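Spelled out, the chains give:
There are 2 protein chains.
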Amino acid sequence: MPYRAWFQCISGCDEKYELNEIVYQCKKCGDLLEVKHDMDKLRRHSSEHWKKLFDERYRRTRWPYGSSVWGKKEWVCPNVANENVVSLYEGGSNLFWAERLGKELGIADLWIKQCGNAHTGSFKDLGMTVLVSMVKQMIAEGKNIPAVACASTGDTSAALASYCAAAGILAIVFLPKNKVSHAQLIQPIANGALTLSIDTDFDGCMKLVREICSKNNIYLANSMNSLRIEGQKTVSMEIVQQFDWEVPDVVIVPGGNLGNTAALGKGFLMMKELGLIRKLPRIVCAQAAKANPLYLSYLKDFKEFTPIKAQKTLANAIQIGDPVSYKKAINVLKTFNGIVEQATEDELANASAQADKTGLFCCPHTGVALAVLIKLLKKNMIRPDEKVVVISTAHGLKFTEFKICYHENKLEEVNSRFANLPVEVSPQYDAVKTTICRKLEQMSS
Amino acid sequence: MPYRAWFQCISGCDEKYELNEIVYQCKKCGDLLEVKHDMDKLRRHSSEHWKKLFDERYRRTRWPYGSSVWGKKEWVCPNVANENVVSLYEGGSNLFWAERLGKELGIADLWIKQCGNAHTGSFKDLGMTVLVSMVKQMIAEGKNIPAVACASTGDTSAALASYCAAAGILAIVFLPKNKVSHAQLIQPIANGALTLSIDTDFDGCMKLVREICSKNNIYLANSMNSLRIEGQKTVSMEIVQQFDWEVPDVVIVPGGNLGNTAALGKGFLMMKELGLIRKLPRIVCAQAAKANPLYLSYLKDFKEFTPIKAQKTLANAIQIGDPVSYKKAINVLKTFNGIVEQATEDELANASAQADKTGLFCCPHTGVALAVLIKLLKKNMIRPDEKVVVISTAHGLKFTEFKICYHENKLEEVNSRFANLPVEVSPQYDAVKTTICRKLEQMSS
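In order, the protein sequences belong to chains A and B. For the first sequence, UniProt numbering begins at 1 and goes up steadily by one. For the second sequence, UniProt numbering begins at 1 and goes up steadily by one.
Any given hint might turn out to be false.
Since the list gives no way to pick out one identical chain from another, each pair is judged satisfied if it fits inside one copy or across any two copies.
As the list claims (entries may be wrong) - Below are the DSSO-like pairs computed for lysine-lysine, each with C-alpha atoms no more than 30 angstroms apart in a straight line:
id, residue 1, residue 2
1, Lys387, Lys327
2, Lys177, Lys357
3, Lys410, Lys179
4, Lys433, Lys179
5, Lys357, Lys215
6, Lys103, Lys52
7, Lys177, Lys410
8, Lys51, Lys73
9, Lys433, Lys215
10, Lys73, Lys387
11, Lys52, Lys73
12, Lys439, Lys52
13, Lys279, Lys143
14, Lys357, Lys179
15, Lys300, Lys387
16, Lys36, Lys327
17, Lys103, Lys73
18, Lys179, Lys439
19, Lys28, Lys41
20, Lys207, Lys357
21, Lys28, Lys334
22, Lys309, Lys27
23, Lys103, Lys410
Because the hints were derived from the structure by calculation, they are not lab data. Remember, it's a predicted structure, so these values are computed and weren't measured experimentally.
Between the sequences and the hints, there should be enough to build the whole structure, so can you do that?
Written out as structure tokens, the structure is:
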């Protein structure tokens, strides 16, 4: 194969492993791994060559390059043969010009990258396609991998189950018994995953899934797995591509486990190193105030990082007190002149609802990112003339309960300033007309 | 403007209206209108020109042509100026190769066109972008149109509300009081639509919305509006484009109000007339057995058509006994050597679940289309070597309740043959391992 990538320990201890080895962290020092690429080989082509190639493939029909992840295959995971790629046509999501919302917030050049408009409804597809393809590749090479497993209640288990179902590989989801609601789990259930409801807590599940995987050659799709970062980093490339290879000034991303912050930075750095872009954007990591360990670290100039116990937040996918990828994220934020800001429940719910009124349908995590944008505009840390991209991580259709409760003003710690409810009217022309006229007057005043 | 389109009565009475006139049916005979294009002008370019142009624009960044609807603007609605287009990047949805499902069903070349992977989660976006853009155009031309209204509980109101929100135009949704559940309505509510809960039935709402619209210059976004068909017909073009301009043998589409069947046919016919394709596919309209007036008409060779009272079906978006577009759909089916087939509740729910197990996440309407495919394969009316496309109309995330009840085996008239539920396991390594081994044995047997 002309291009090559491998796992390498991020600590500098120089440990390396092949991508088709079942390994999740450094065997020597226990630190995180990252995927490294043979940059010398990639550099043999000019930046113009890569731009042209990526543009030619974008959304076209030649397998598997129409996927915006696999359209950058050489930069992502060259080690997988095309016939082993498990792709559901990732990426290519709308970069929504938030003209109306921007006007309300006083910023002209605001864009929402709608990563949730995806096969399983979240950005997790971007990483999962790489992980499951690598598993299929290993099976094709003769490795005996009977299943892929994870401990997750949310988007990760949904993406894992769907990609495994498409590939015909068993997915196993480990969950604490009392946290299993069928509604939350309907995606893995429908996609045929073996869903284990175990009489223990989340830590107990994590312990069991690790033990089961290590003793039975079952592949662990946890957030430590750095293959997923390789897929997720294509969001940076796609944003720049959608701006005709222009780099925005600021990118805001919600942060929980911090893999996405790390991925975003990795994508921009690789483009800069290979000459496709000349500048880097500022990266802003947006945390829920109820789960803000990185924000607390940022206040101390990242001199220390202390895990916390996350409290319950509406932004439940980022309700994480001890994030796996904090080291990678801090490195990125230092390099990108980064900012970390937090949003309260009230702020994230209202920001999400305000955006919905302009045609979006935001998940609460996107609400966190939008609330942080509003705060940074007020603090003059983002200027009104800057080009800003907000990463929207999941489809709002996964969060209808959150939205219903918001509009019924039933969310704790939230004053629903943009609530909208059906208006009861009697079935007479005049009554209806009066109601409509009143609404039109409100709008014009 | 170089290209031109207008409304024309389908009855042959030769009535014509401009697209910027507020008119929904023929003023002379009351029949449906359709959008007609100046085909002579379109024919001045070769088929190669059009293919190249559509391919060049597909998913690119030049406004508004990256949308797969507006990428075919000259064929869809040339009358709207680009600055008045209200687009959320429609189309470009995955044409999923259902390799595993096809193998199970005994057909090698099966494809699912995932129209539900869209901004508001259904194919309605394709038509609504045209309708709302035309309204914005009329407002820009100086017409006083204070709002756009519809009577709908489902995908239509969601799409209308979102596009109007993006454009800054008031959307009004008319609904019978007892049918208003906030969950069903959360999309229009979140997108700021004025949602009227009226103490009457659905017919009463239709009567009121018509009266309000006609007396107040409010635009009516009902299913009679043929602008929406122009957007929806781009699905045919996109499918062919995604097959590198090859025509599939069969296309299966769920049918309720039958606008989508009409649109599908219109797209293929226009491509044939302008030389982009040489053959037509067979079109199969798939109806729920609980709402099957077209199926009953088909059994009588379309010699008569009698509206029925539709019964409650899981496929609630096609629960329609008196479809608006039946004449257009029958014309299409006659031209395309068409078939109409029906699916019971048991068939549609099981077909949907079977597909989910191979990585999809189907809405019940897609289930109807898949169940019909299974029946027609059994009847040898579709051959195993034919290239078949199934149109998936909405995202499964809109139907989680349907899926939960299916897997709990709680749906009426349905025996859930593919049910999957969490398995309770005690928190010991051996217990978990035994459960996994049992599952793996099941799979290999």
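**OP:** If the cutoff is 30 angstroms on CA atoms, where do Lys179 and Lys439 land: within, between, both or neither? Let me know, please.
**Re:** For Lys179 and Lys439, the Cα distance is within 30 angstroms only across copies (23 angstroms; inside one copy 43 angstroms).
Original post:
Given a CA cutoff of 30 angstroms, do Lys357 and Lys215 count as a within-copy pair, a between-copy pair, both, or neither?
Top reply: between (51 angstroms within a copy, 27 angstroms between copies)
Original post:
Can you tell me if Lys28 and Lys334 fall within 30 angstroms by alpha carbon in one copy, between copies, both or neither?
Top reply: within (27 angstroms within a copy, 71 angstroms between copies)
Original post:
How would you classify Lys279 and Lys143 at a CA-CA limit of 30 angstroms: within, between, both, or neither?
Top reply: neither (43 angstroms within a copy, 47 angstroms between copies)
Original post:
What label fits Lys433 with Lys179 when the C-alpha limit is 30 angstroms: within, between, both, or neither?
Top reply: between (48 angstroms within a copy, 21 angstroms between copies)
Subject >> Intra- versus inter-copy proximity for Lys73 and Lys51 (alpha-carbon distance at most 30 angstroms) >> reply: Result: close both inside a copy and across copies, 13 angstroms intra and 28 angstroms inter.
Subject >> Lys410 and Lys179: within-copy, between-copy, both or neither at 30 angstroms Cα >> reply: both (22 angstroms within a copy, 22 angstroms between copies)
**OP:** At 30 angstroms max between alpha carbons, let me know whether Lys439 reaches Lys52 within a copy, between copies, both or neither.
**Re:** neither (50 angstroms within a copy, 47 angstroms between copies)
Original post:
Given a CA cutoff of 30 angstroms, do Lys433 and Lys215 count as a within-copy pair, a between-copy pair, both, or neither?
Top reply: between (70 angstroms within a copy, 10 angstroms between copies)
Original post:
Is the C-alpha distance from Lys387 to Lys327 at most 30 angstroms within one copy, between copies, in both cases, or in neither?
Top reply: This pair counts as within: shortest intra-copy Cα distance 28 angstroms, inter-copy 50 angstroms.
Original post:
Between the shortest in-copy and the shortest cross-copy C-alpha distance, which are at most 30 angstroms for Lys300 and Lys387: within, between, both, or neither?
Top reply: Intra 28 angstroms, inter 61 angstroms, cutoff 30 angstroms: intra-copy only.
**OP:** Could you figure out if Lys309 and Lys27 sit no more than 30 angstroms apart (CA to CA) within one copy, between two copies, both or neither?
**Re:** within (28 angstroms within a copy, 68 angstroms between copies)
Checked against the numbered hints above, the structure violates hints 6, 12 and 13; every other hint is satisfied.
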